[in-house]
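*Asks:* Here is what each chain is made of, one letter per residue.
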Amino acid sequence: MNAQFKKGVLELIVLESVRKRDMYGYELVAEVSKVVDVNEGTIYPLLKRLTNEHYFETYLRESSEGPPRKYYHLTAAGILYRDALETEWLHFSQQVNAFLKEHRE
Amino acid sequence: MNKQEFLNELQSRIRILEEAEQQDILAEYAQHIDLRTAGGLSEEEAIRDFGNPEELAAEILEAYHVDPARVETPPSQPLAGVSSGLKRTAGRCRRCLGRVGGGLRSLASRIAAWWGSLGQRLRGLRRSPAPRPAADTADAEKAPSPVSRFRRIRTGAALGLRGLGRLIKALVRLAWNLLLLLIALPFVVTAVLAILSIGVLAVLLIQGYPLVGPLLCCLGLALCCIALVGLGTTLIWKRRNAAPSYEVPQGPSAPTTSQSLAPVETHSEEVSIHA
Numbered sequence: 001m002n003a004q005f006k007k008g009v010l011e012l013i014v015l016e017s018v019r020k021r022d023m024y025g026y027e028l029v030a031e032v033s034k035v036v037d038v039n040e041g042t043i044y045p046l047l048k049r050l051t052n053e054h055y056f057e058t059y060l061r062e063s064s065e066g067p068p069r070k071y072y073h074l075t076a077a078g079i080l081y082r083d084a085l086e087t088e089w090l091h092f093s094q095q096v097n098a099f100l101k102e103h104r105e
Numbered sequence: 001m002n003k004q005e006f007l008n009e010l011q012s013r014i015r016i017l018e019e020a021e022q023q024d025i026l027a028e029y030a031q032h033i034d035l036r037t038a039g040g041l042s043e044e045e046a047i048r049d050f051g052n053p054e055e056l057a058a059e060i061l062e063a064y065h066v067d068p069a070r071v072e073t074p075p076s077q078p079l080a081g082v083s084s085g086l087k088r089t090a091g092r093c094r095r096c097l098g099r100v101g102g103g104l105r106s107l108a109s110r111i112a113a114w115w116g117s118l119g120q121r122l123r124g125l126r127r128s129p130a131p132r133p134a135a136d137t138a139d140a141e142k143a144p145s146p147v148s149r150f151r152r153i154r155t156g157a158a159l160g161l162r163g164l165g166r167l168i169k170a171l172v173r174l175a176w177n178l179l180l181l182l183i184a185l186p187f188v189v190t191a192v193l194a195i196l197s198i199g200v201l202a203v204l205l206i207q208g209y210p211l212v213g214p215l216l217c218c219l220g221l222a223l224c225c226i227a228l229v230g231l232g233t234t235l236i237w238k239r240r241n242a243a244p245s246y247e248v249p250q251g252p253s254a255p256t257t258s259q260s261l262a263p264v265e266t267h268s269e270e271v272s273i274h275a
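Here the protein sequences line up with chains A and B, keeping their order.
When the letters of the first sequence are read in order and numbered with the numbering used here, they come out as residues 1 to 105.
When the letters of the second sequence are read in order and numbered with the numbering used here, they come out as residues 1 to 275.
Think of the hints as simulated: they come from the structure by calculation, not from any bench.
Don't take each hint at face value.
In the DSSO-like style, the derived pairs of lysine-lysine whose C-alpha atoms are separated by at most 27 Å in a straight line are [unchecked claim]:
#1 A:K101 <-> A:K7
#2 A:K70 <-> A:K6
#3 A:K6 <-> A:K101
#4 A:K34 <-> A:K20
#5 B:K3 <-> A:K70
#6 B:K3 <-> A:K34
Kindly generate the complete structure, drawing on both the sequences and the hints.
*Replies:* Put into structure tokens, the structure is as follows:
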């Protein structure tokens, strides 16, 4: 898949993944990897950026094995941002689909 | 590349970030690698999935709105040695300057102390004639005769003369000290300027200009001036410490003028001791 495509929708996928329940980094990477084949390293910087922009809150929770894990929680601002991105995505994909359909005929 | 190498490499590239953030990021990657190896992958494979560490670091820096192109690449080993050496010399310079500053501060406090003592002495001089009328009136009440009046006039004249003498002495001393200060001032100024140029030259030297010679010249100049000023202040300090023994013979010689003067004299002596 085109890297530029991935980059654009990755934010939306990450935000959507965390919406239902809080996740820690590795879990989130695994979840996102189900949808798009992405370089695992690039998801962490994205998480960092979204956290810096206050769309995520993080907290540490002990795990049964290994060191405590950092969980990501979607904030109210994050939910709003996710909704905006979804609307944008739907509109955009609709337009692209309509365009392609139009040209196919 | 194993886990530790990868983490070291990554850290060297995100060094611009705060220490806590660096540790946070590294911990996350370390945990990811641990979980991947627990899942049966080797460290190398897990790290390969991260791709190029340089691009990864660039993406991390972007998350902080840091332009990766502006972040200097981690220095190679010899350069690191040089920079750490420079840092050490800079630290030494800072300590040295601090010591010089301390010396200047102590010099200033000495001058202030000297100034204060001079002021007190002058005040003492001005105060010492003050108790005279009280003592004199007491004297006059006991024996109101022309002889005592004559004595009083003589006493007053003598005391006035002595006060004038002391005042002149103090003034001469003040002038002398001011002269010394005036002589010392150019040296102090030169020393300060030399230290300033040492700083500027050191910066230029670090940037790669061939300025070792001028730097050493300035260093020599600064040391020379500081040494001269130090010598001067030490000499003055020694003289000032020796001063009390110079004032002692003045005391016993005073009451030789007349018997009736004795109580007045001791009083003024007391004042001057207090001062």
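*Asks:* A separate judgement is required for each hint: does it hold in the structure or not?
*Replies:* Hint check results:
| no. | hint | in the structure |
| --- | --- | --- |
| 1 | A:K101 <-> A:K7 | holds (25 Å) |
| 2 | A:K70 <-> A:K6 | holds (25 Å) |
| 3 | A:K6 <-> A:K101 | holds (22 Å) |
| 4 | A:K34 <-> A:K20 | holds (16 Å) |
| 5 | B:K3 <-> A:K70 | holds (20 Å) |
| 6 | B:K3 <-> A:K34 | holds (25 Å) |
The structure agrees with every numbered hint stated previously.
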